[in-house]
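Given the structure of chain A, go ahead and fit chain B onto it with the hints provided.
One-letter residues, chain by chain:
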Amino acid sequence: MDDVLNSKFEKLIRGQITYKSNNLGLNLLISRLQRKYMANQADEVLNNCLKEMNAFFEKYQSVLTKDVESLKNL
Amino acid sequence: MLVTLDEAKRLIEEGKTLHIAADENMLNKLPKGKWIAGTTPYFIAKDGGITCKDKLFVDEIPWVDDCKTSVYDKSNIFDITKDAYPNGISFLIMPFASEVAVLYSKEAPYVEDLLMTPIVGWISGYDLSMSAKAKVYDGVSGESYDDKAVVLHISLPDDKIASLGIVNIFDVDESDAKIEFMEDALSVKKCLVNGEEVNFADYIENNKIDTRLPLVADYNSVLVNVSIKNISEKDRSVDLYAPVFKSSIYRFAKPVEDYVSSFGENLKGFDDIQPVFSCNCILNYLYGKLEGKAIPPFAGPVTFGEIAYQLLNQTLVYACIIDK
Numbered sequence: 001m002d003d004v005l006n007s008k009f010e011k012l013i014r015g016q017i018t019y020k021s022n023n024l025g026l027n028l029l030i031s032r033l034q035r036k037y038m039a040n041q042a043d044e045v046l047n048n049c050l051k052e053m054n055a056f057f058e059k060y061q062s063v064l065t066k067d068v069e070s071l072k073n074l
Numbered sequence: 001m002l003v004t005l006d007e008a009k010r011l012i013e014e015g016k017t018l019h020i021a022a023d024e025n026m027l028n029k030l031p032k033g034k035w036i037a038g039t040t041p042y043f044i045a046k047d048g049g050i051t052c053k054d055k056l057f058v059d060e061i062p063w064v065d066d067c068k069t070s071v072y073d074k075s076n077i078f079d080i081t082k083d084a085y086p087n088g089i090s091f092l093i094m095p096f097a098s099e100v101a102v103l104y105s106k107e108a109p110y111v112e113d114l115l116m117t118p119i120v121g122w123i124s125g126y127d128l129s130m131s132a133k134a135k136v137y138d139g140v141s142g143e144s145y146d147d148k149a150v151v152l153h154i155s156l157p158d159d160k161i162a163s164l165g166i167v168n169i170f171d172v173d174e175s176d177a178k179i180e181f182m183e184d185a186l187s188v189k190k191c192l193v194n195g196e197e198v199n200f201a202d203y204i205e206n207n208k209i210d211t212r213l214p215l216v217a218d219y220n221s222v223l224v225n226v227s228i229k230n231i232s233e234k235d236r237s238v239d240l241y242a243p244v245f246k247s248s249i250y251r252f253a254k255p256v257e258d259y260v261s262s263f264g265e266n267l268k269g270f271d272d273i274q275p276v277f278s279c280n281c282i283l284n285y286l287y288g289k290l291e292g293k294a295i296p297p298f299a300g301p302v303t304f305g306e307i308a309y310q311l312l313n314q315t316l317v318y319a320c321i322i323d324k
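Respectively, the protein sequence lines represent chains A and B. Letter by letter, the first sequence follows residues 1 to 74 in our numbering. Letter by letter, the second sequence follows residues 1 to 324 in our numbering.
One chain only, chain A, in its complex shape (with noise of 0.2 Å):
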């Protein structure tokens, strides 16, 4: 895990920074993540949320290298 994108991850779950992106998928990932953590704030779905977002951009990072980029220099 990166340390770096994931403090970047939790910000944009807790809505301290925002990020749109131009993957459909990511979009929608961030919108819901964001809305699952405004309707509870404990720890435990802040935890599930990044491993959510984690999972996502494994999974698609050969097309988020970009994203990836701009996250880190926010």
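List time: in silico EDC-like cross-link candidates among lysine to aspartate or glutamate, alpha-carbon distance up to 16 Å:
{"no.": "1", "chain 1": "B", "residue 1": "K246", "chain 2": "B", "residue 2": "D184"}
{"no.": "2", "chain 1": "B", "residue 1": "K324", "chain 2": "A", "residue 2": "D67"}
{"no.": "3", "chain 1": "B", "residue 1": "K160", "chain 2": "B", "residue 2": "D66"}
{"no.": "4", "chain 1": "B", "residue 1": "K324", "chain 2": "A", "residue 2": "E58"}
{"no.": "5", "chain 1": "A", "residue 1": "K36", "chain 2": "B", "residue 2": "E112"}
{"no.": "6", "chain 1": "A", "residue 1": "K59", "chain 2": "B", "residue 2": "E112"}
{"no.": "7", "chain 1": "A", "residue 1": "K59", "chain 2": "B", "residue 2": "D113"}
{"no.": "8", "chain 1": "A", "residue 1": "K36", "chain 2": "B", "residue 2": "E107"}
{"no.": "9", "chain 1": "A", "residue 1": "K59", "chain 2": "B", "residue 2": "D323"}
{"no.": "10", "chain 1": "A", "residue 1": "K51", "chain 2": "B", "residue 2": "E112"}
{"no.": "11", "chain 1": "A", "residue 1": "K59", "chain 2": "B", "residue 2": "D159"}
Here chain B is said to cover these stretches of chain A; the calculated rule only asks that three of the stretch's residues, wherever they fall, bring their Cβ under 8 Å from a Cβ of chain B:
{"no.": "12", "segment": "31-37"}
{"no.": "13", "segment": "54-66"}
It should be emphasised that the hints constitute simulated quantities derived from the structure, not laboratory data. By construction, the Cβ of each residue, glycine as well, lies at the ideal position given by its N, Cα and C atoms.
Using the frame of chain A, we list chain B on its own:
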């Protein structure tokens, strides 16, 4: 592309993996094979929109390492994510107004695995001038259904990956009234308009809102439409073609003067796209008068709902298979 019955039969007999859309009388004549289908007599062909009952719209799916068809009902539709191949794409067709389609529309946005699985597809329909039923077909078994979903799961080679996209010609004015709903629903009476509770039907009528315009919600820059089906005079409820969700903020879309021009504008930069599948909404076809009008590079069935992971309305949906 639109093909004759004989051409469709030839493609099936050659062992091609196919997604097919056509009128029921055509689909009933197809031999078994590696295909799924749904009913619709409306298409956007290369030369433009057309209503046609003597041809079939066939997408030959390339790069197929392996494939299988599955049939689901409302009790197991979300097994679709477990049954999908690890690197693949799943084509999903569900009949209009079926229980499985209703359940999918309400629950899909909450399913955790859903976005890990490229699911693309549509809601099958029928000739609106006749009384008919929407159906789906599993070409492997030769069975057809008006109450089940069919899925063609495709496994792709390691160097390929599926990519889904949408084209939504509708946009919102951020200064317009915010509309929220108290529950996830396909039929609504009350809503909050800028925080104040009103009857939704009254709000639409009092503000002379054109019900050809969808409600639009922003999902991290993905604009998702919910189309108005009808207003019931009897109980003052508003029926919708997709559910509204209580966690979303909606606005009515800005009017679109010319659907074809608007699609053209939205498709600038799409010259290199090579879709393996696309579909467009029947409401765009009717309201936008798309008969005879082409929307390159996209061609495909005109549908009673579109699926890109979740159910969409008044949207063009497409799938590509690209290099990793």
